[in-house]
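Participant: Residue 20 is where the sequence shown starts when you use this note's numbering, and the numbers rise one by one after that.
Be careful, since some hints might not be right.
[What the hints assert, rightly or not] Only pairs whose alpha carbons sit at most 20 Å apart, straight line, appear in this in silico PhoX-like list of lysine-lysine: (1) K241 x K212; (2) K201 x K212; (3) K26 x K207; (4) K26 x K208; (5) K241 x K201; (6) K245 x K26; (7) K62 x K212; (8) K211 x K201; (9) K211 x K62.
These aren't lab readings, by the way, just hints derived from the structure by calculation.
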Amino acid sequence: MGKTFSKPRALTDVPTHYCPGCTHGVAHRLVAETIDELGIRGKTVGIAPVGCAVLAYNYFDCDFQEAAHGRAPAMATGIKRVRPDLMVFTYQGDGDLASIGMGEIIHAANRGEKFTTIFINNAIYGMTGGQMAPTTMPGQRASTAPAGRDTGSTGMPVKMADLLSALMTPAYVTRQALLSPKHINRAKKAVKKAFEYQMNNTCFSFVELVSTCPTNWGMTPKDALKWAEDTLIPYYELGEFKTPEPEEEQ
Numbered sequence: 020m021g022k023t024f025s026k027p028r029a030l031t032d033v034p035t036h037y038c039p040g041c042t043h044g045v046a047h048r049l050v051a052e053t054i055d056e057l058g059i060r061g062k063t064v065g066i067a068p069v070g071c072a073v074l075a076y077n078y079f080d081c082d083f084q085e086a087a088h089g090r091a092p093a094m095a096t097g098i099k100r101v102r103p104d105l106m107v108f109t110y111q112g113d114g115d116l117a118s119i120g121m122g123e124i125i126h127a128a129n130r131g132e133k134f135t136t137i138f139i140n141n142a143i144y145g146m147t148g149g150q151m152a153p154t155t156m157p158g159q160r161a162s163t164a165p166a167g168r169d170t171g172s173t174g175m176p177v178k179m180a181d182l183l184s185a186l187m188t189p190a191y192v193t194r195q196a197l198l199s200p201k202h203i204n205r206a207k208k209a210v211k212k213a214f215e216y217q218m219n220n221t222c223f224s225f226v227e228l229v230s231t232c233p234t235n236w237g238m239t240p241k242d243a244l245k246w247a248e249d250t251l252i253p254y255y256e257l258g259e260f261k262t263p264e265p266e267e268e269q
């Protein structure tokens with residue numbers, strides 16, 4: 020019997036630090052499979068700022084850089100402008116990208132920087148202790164909102180894909196999920212499409228991935244998947260929000 024499933028070459032053979040049920044590992048695999056399939060491992064540079072994926076350089080077998088909290092898009096801009104031949108991607112969580120890094124990602128997208136952002140939306144700060152994030156749902160409890168998010172004082176959760184897709188600059192913006200095999204297959208297609216747009220020097224690309232955080236949600240991995248399906252997906256609708264027009268792909 021032949022082997023039908025194996026570890027991507029773009030991932031190292033190292034145990035990760037992620038909690039049981041965390042979907043960061045799934046996202047890592049999708050990015051690594053894309054890197055392998057496109058044959059770009061030798062010219063790919065990943066960038067991870069502060070967050071659960073701060074140690075991603077241990078898990079990807081390609082060049083990696085650390086960035087200050089929220090500043091990955093700025094570092095990606097510098098690398099891509101100096102070395103436009105490289106494939107550059109940022110890997111960021113919601114506390115990082117949608118809070119302290121909000122200005123960075125909006126301006127990078129608005130400038131049309133030719134790199135790719137993988138955005139993990141698990142509706143909470145993961146690494147730093149389960150604080151409320153810009154993406155935390157109404158009524159959802161967090162360490163800084165023990166009674167649940169009060170939208171009267173904190174506003175509604177920020178929909179990053181929707182927000183970036185409103186910019187006039189051409190871009191590829193999509194939101195997918197990592198909650199089931201069906202979702203994961205669609206997410207893989209979106210990740211690969213984003214990298215292909217970069218390979219063709221077409222546009223900025225942004226892939227938001229609705230994910231789970233069982234530890235900080237105080238749930239089992241199984242319950243976390245159901246809660247995300249029932250609560251996050253209705254609010255964070257899945258699909259492609261923006262694609263470059265045909266003439267912009269030339």
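Participant: So if I understand the rule, the pair passes when the alpha-carbon distance is 20 Å or less; does K245 with K26 pass?
Facilitator: violated, 27 Å
Participant: Taking 20 Å as the top limit, are the C-alpha atoms of K26 and K207 close enough?
Facilitator: holds, 15 Å
Participant: Are K241 and K212 close enough, with their CA atoms no more than 20 Å apart?
Facilitator: With Cα atoms ~29 Å apart, K241 and K212 exceed 20 Å; violated.
Participant: Does K208 lie within 20 Å of K26 when you go C-alpha to C-alpha?
Facilitator: holds, 18 Å
Participant: Mind checking the alpha carbons of K241 and K201 for me, to see if they're no more than 20 Å apart?
Facilitator: holds, 16 Å
Participant: Check whether the Cα positions of K211 and K62 lie no farther apart than 20 Å.
Facilitator: holds, 16 Å
Participant: Hinted pair, alpha-carbon criterion (20 Å max): K62, K212. Please report holds or violated.
Facilitator: holds, 18 Å
Participant: Take the C-alpha atoms of K211 and K201, compute the straight-line distance between them, and say whether it is at most 20 Å.
Facilitator: holds, 16 Å
Participant: Straight-line Cα separation of K201 and K212 no greater than 20 Å?
Facilitator: At roughly 17 Å apart (the allowed maximum being 20 Å), K212 and K201 satisfy the hint.
In terms of the numbered hints stated before, the structure departs from hints 1 and 6, listed from lowest to highest.
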